[in-house]
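Visitor: Work from the hints to combine the two standalone chains into their complex.
Line order of the protein sequences matches chains A and B. Numbering-wise (this note's numbering), the first sequence opens with residue 185 and increments by one. Numbering-wise (this note's numbering), the second sequence opens with residue 1229 and increments by one.
If you are wondering where the hints come from, they were derived from the structure by calculation, not from laboratory data. No residue lacks a Cβ here, since even glycine has one placed at the ideal position from N, Cα and C. Hints are not guaranteed to be accurate.
[What the hints assert, rightly or not] So the derived label-pair ranges between C-beta atoms look like this: (1) Gly-247(A) / Gln-1333(B): 25 to 33 Å; (2) Gly-200(A) / Ala-1245(B): 48 to 56 Å; (3) Pro-1236(B) / Glu-253(A): 21 to 29 Å; (4) Thr-1284(B) / Thr-267(A): 19 to 27 Å; (5) Glu-1286(B) / Glu-246(A): 21 to 29 Å; (6) Glu-201(A) / His-1340(B): 43 to 51 Å.
[What the hints assert, rightly or not] Chain B regions said to be covered by chain A (calculated; three or more residues, Cβ under 8 Å): (7) 1300 to 1308; (8) 1330 to 1338.
Chain residues, written in single-letter form:
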Amino acid sequence: DVKVTQSSRYLVKRTGEKVFLECVQDMDHENMFWYRQDPGLGLRLIYFSYDVKMKEKGDIPEGYSVSREKKERFSLILESASTNQTSMYLCASRPGQGIPNYGYTFGSGTRLTVV
Amino acid sequence: DAKTTQPPSMDCAEGRAANLPCNHSTISGNEYVYWYRQIHSQGPQYIIHGLKNNETNEMASLIITEDRKSSTLILPHATLRDTAVYYCIVRVAGGTSYGKLTFGQGTILTVHP
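Extracted from the complex, chain B is given alone in its bound form (with noise of 0.2 Å):
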């Protein structure tokens, strides 16, 4: 699986949208990228993934830059209850290696009143 680099902290006022950015500049075409949280003492939580178009759910949007070498996480008006540590993840969607999820450092995101 690709490796995946994120800044080790950000900052947020309550209200305003969370941009997160991963690199992933070694993504191959099969690979896609993912984005889980962890809120602390709890178990990591999926958000959104995608392979190469941006995507869109309720909780987040993705933005995928066109050569794939990066990508931003974007929470469009975060809350306090957002405040945890977010994984961006670069893997094959099932193949031989499902089941090794790599988590790195993250990105430790507070959001502030």
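Okay, chain A solo, but in the shape it has when bound (with noise of 0.2 Å):
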């Protein structure tokens, strides 16, 4: 099974720390994806990666950026966290363009609350 991992399940975190969320998953895929979902709202995508060091905005960048260095590891870095940044945070990936489209595998999820 794929396996998708986030560092941490709960964060608290004061306004204006700059935070890191890690993800990393195990089976060579090759997109990933940072989402957050809030009541009302879905899911909402931040960045996404496509390869190894490339990166793209999703519909909501601002406030937040990414690296990935390693085709499995994607972070999310809050610069300033501030507390409309509470949310939960997803982390998912799939295979490449070129391999049959079996759907995104998610992580569990961190919930990060800015205080």
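Guide: Next comes the structure, spelled out in structure tokens:
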């Protein structure tokens, strides 16, 4: 089974802190994604990466950056955490374009609270 | 991506089949039907997908009508652990919009003892 592992299940950070959310997948997937999920707003795409060192902005990239130095690891960075970034953060991965699309595999999520 | 319509909630008795409907009347010829579920406080879990033929895997069956305007996800023997929000998503497999998964409100399935 593909596993997508997010480093923390729950995090509490202070306003202004730099926050790192780590995600690792073990099935050699090319594509990795960061979403946030908020009540009533569904899943919103923050950033995605289709290859090592490649990144693309999603729908709500402001206040975030990402890093993909290795294929299996995709990090989300909150440059200066704010209370409106309190949310559930979900990492996902999937095979590249040339492979039959078996769907996205999601991690268990990181519930971040910024105080 | 085509819009989907699902009932907001459904109940099912444990051990019985759960049939979750989804309408996608504006589906295009190259769009697949995907089903995911999300158990409380966990990430979404991929269940199954199909284009026009019925599909079955170890988790569920997917029945797509001949005109592809609706589909039904079937959990043949629901258990309490199947209580979750079920999302039906219609999208092109791959393509330039990949990554932009749009989850609607889904159907809250509650399985009762």
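Visitor: State for each hint whether it applies.
Guide: Taking the hints in turn, this is what the structure says about them:
1. Gly-247(A) / Gln-1333(B): 25 to 33 Å: holds, 26 Å
2. Gly-200(A) / Ala-1245(B): 48 to 56 Å: Check passed, 52 Å falls within 48 to 56 Å.
3. Pro-1236(B) / Glu-253(A): 21 to 29 Å: Between Pro-1236(B) and Glu-253(A), where Cβ atoms are some 43 Å apart, the hint is violated.
4. Thr-1284(B) / Thr-267(A): 19 to 27 Å: violated, 46 Å
5. Glu-1286(B) / Glu-246(A): 21 to 29 Å: violated, 41 Å
6. Glu-201(A) / His-1340(B): 43 to 51 Å: holds, 44 Å
7. 1300 to 1308: violated (count 0)
8. 1330 to 1338: Three-residue rule met by the stretch 1330 to 1338 of chain B, so holds; n is 4.
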